[in-house]
Amino acid sequence: MVVDTVLWSRLVTGLTLSFHVIFATIGVAIPLMVAIAEFVGIRKKDNHYTLMAKRWTRGFVISVAVGVVTGTAIALQLALVWPNFMQLAGNVIALPLFMEVFAFFFEAIFLGIYLYTWDRFRNPYLHWLLTVPIVLGAAMSAFFITSVNGFMNQPGGFVLQAGQFMAVHPLQAMFNEATPSKVFHVLASAYMTGAALLAGIAAFSILKKGATDYAKKGLKLMMGVLLLFSFLTAIAGDTSAKFLAQHQPEKLAAAEWHFKTEQGADLIFLGWLNAEREIMGALHLPKALSFLAFSDFNAEVTGLDEFPVDEQPPLLVHYLFDAMVGVGFALLALSALFFLLLLWKKRNELNRWMLRAIVFGVPLAFLGVELGWFYAEVGRQPWMIRGYMRVEEAATTSPSIMILFFVFLLLYILLGTMCVFVLRRLFRDNPAEVELEKIAKTKQQALAGDNSSEEGGLA
Amino acid sequence: MSWSYEILGISVLWIFLYGYLIVASIDFGAGFFAFYARLTGNDHLINRLISRYLSPVWEITNVFFVFFFVGLIGFFPDAAHYYGSALLVPGSIAIILLAIRGSFYAFENYGSKKNIVFLFLYGATGLLIPASLSVALVLSEGGFISETNGIVTLDYLALFTSPLAWSIVGLALTSVLFISASFLAFYASRADDQPALELMRGYALFWSTPTIIAAFTSVLYLSQHNNRHFQNMMDLWWLLGLSVFFFLIVLWLLFKGRRYGLAFIGLMLQFLSAFFAYGIGHYPYILDPYITVQGGATQEAMGIALVVVFIAGLLLLIPSLALVFRLFLFDADYVKGKK
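Quick note, the sequences are listed as chains A and B, same order.
In this text, residue positions in the first sequence follow this note's numbering: the first is 1, and each later residue adds one.
In this text, residue positions in the second sequence follow this note's numbering: the first is 460, and each later residue adds one.
Treat the hints with care, since some could be wrong.
Stated by the list, open to error - Derived list of chain A stretches under chain B, where covered just means 3 residues or more per stretch with a C-beta under 8 Å from a C-beta of chain B:
| no. | segment |
| --- | --- |
| 1 | 55-67 |
| 2 | 93-106 |
| 3 | 400-406 |
Unchecked claim - Sample of chain A residues with no beta-carbon within 12 Å of chain B, all distances over it, derived:
| no. | residue |
| --- | --- |
| 4 | Lys242 |
| 5 | Ala333 |
| 6 | Val391 |
Said to hold, decoys possible - Covered by chain B, according to a simulated footprint, are these stretches of chain A (three or more residues, beta-carbon under 8 Å):
| no. | segment |
| --- | --- |
| 7 | 198-204 |
| 8 | 415-429 |
Derived by calculation from the structure, the hints in this document are not laboratory data.
For every residue, glycine included, the Cβ atom is placed at its ideal position computed from N, Cα and C.
Generate the whole structure from the sequences, applying the supplied hints.
See below:
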């Protein structure tokens, strides 16, 4: 039987995670961007940046809502769709899961306060300080949940006895060898994607309505953040590749179609496989894989042939890997080019092609995140907990899972459409320029009118 | 029973479930009242009240729930195997309802205002979610889940024809409306909003009677379904008596129309004592007869780690929650809409 409950279980989880990761990435990244914009606004006493922080937050809340509900869904689905996995691994990974909820709790509390206290504090830095627990909470959630995923890739902190995990060390399991490189990569790429998103929105508005001060400031600020984090993402990717070469060589070998263990291994870019598993039409970078894996052009890289056939990941991950790396470098190049044009006085960094490329960077960045996770997860097949539990042992046995796939598909289509619809209405009916005028007007009135009524201050 | 990490674990979880019961009831009931008020043309009276309280806290409510079940599976991994397998369908329905409710609340409140479809979904799911979640409580009584060759199945026919199941669903619905109306009456009184106060006081008084009837019916059917649990609860007769006593105080205060804060505290105590009488009576089973508190508990190292993290987490959360309360619940100016 090919299409069975196991496959449907995988599809349900894959669907929920693919949808959730869009909003999770936004949820991790945007608070940092809001914090930066609000801080710059207070520092420079520039209304534009403050309004930017406000408008980003308003849009952010809508996406947070979808992030929260899909996050709840995936948390529940872990137990519903993979009951045997949770029964076994729950003993070892309950700690980071539990702490993730705390981090989320912390973030939720302060997000609520942040949203409803814009004008309640006399000192603007007090309100800005509220972003600190939000940014921290979001990053901590990412850290804890990524450590769970790290455990599934690189299990540790227990002894297996008679099918049970014994002698459990919760902290050892949480700080497994995969955790540092994974967390670094997840956070850097999330911040990169968030910056790409906001830069893309600013570029889009310039293309549509011309270069207003507000949009120009937003674009420049976010392109700077994008440059920083796409650079860090490249470093994080390199760290991850080195981790794989050492600890999970079959995943790297599958990504690189590196079938035989050899020294001075080539890096293979694109191409396809013929019926005899020979690589056709690919770009070979001599000895680059060895260098990528061990910083040494002549190092030995483990090949797929050292693993039993039923423990090899699917070879399709090669394309996921290549595309992910391609997206990362494209975004790095894009932000570098923007600043080159900016510094090179004769050129205009706001030319239409540049702006279009920045807008195009938005779907590209999200695609990169999805591809990266697909590669990480499909590359772990056939394992649920690598080396300990195979996917088919972990899944539910209920045939209802097939129907649920379609029900959830429908739900996510509905939520996604509604989210886009509401966000469009929120910003189209209320452009930044109108809001800026309103702010200027209320300020004038406040100056002109009697200023005796006391407002603000911590009640 | 000796006081060990698994007892501490289940007690902590039970307290959190109680917390969720209160905050979620306010939220679920508010959705229903908002929709009902729109239908009867009273929405101008209470909508502002509801959204002013709910907007800053709706996400927190959701976390209480996630906290409970992540904690349950953390402390008792066997629960994942049994409940996870048996609840795939009802659990997924609950996920979908929660997803629709949470996101549409945000769409309505932060996005496009005054959409009757959003409001309907928000109101209807507010009643369906407690009904679907209370199924898990029914299952814990045993007799609905069976295991053969390691495969867990849920007997839907037994579940849908069980008077116990329906009485617990009824109790969930009526208490949601009673708790919510009492809280909103209290919030309206803080806001000095007389018309809203009168409306919510009327709702609270109305829903008090079905709540207490549903409570007695549930206990009656419990005695037929799981006599051990029933007998254990009867041994805690003083807790149940206390609950009835608090209920009478609440009723009297609502009827007299004063001290709404005290009335709501009384209501919280009423549910607290009944909830704990039910929970302690359930001991030692988490799922009768498959999971017991001792047999299903996680490894000691993990149990202790969870308890440590829990205490550390509380040190972080309690001051934060206190700040929320100070800013949005007990700040008279905010409640009255001046801020």
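query: Does the structure break any of the earlier hints, and which numbers would those be?
result: 7
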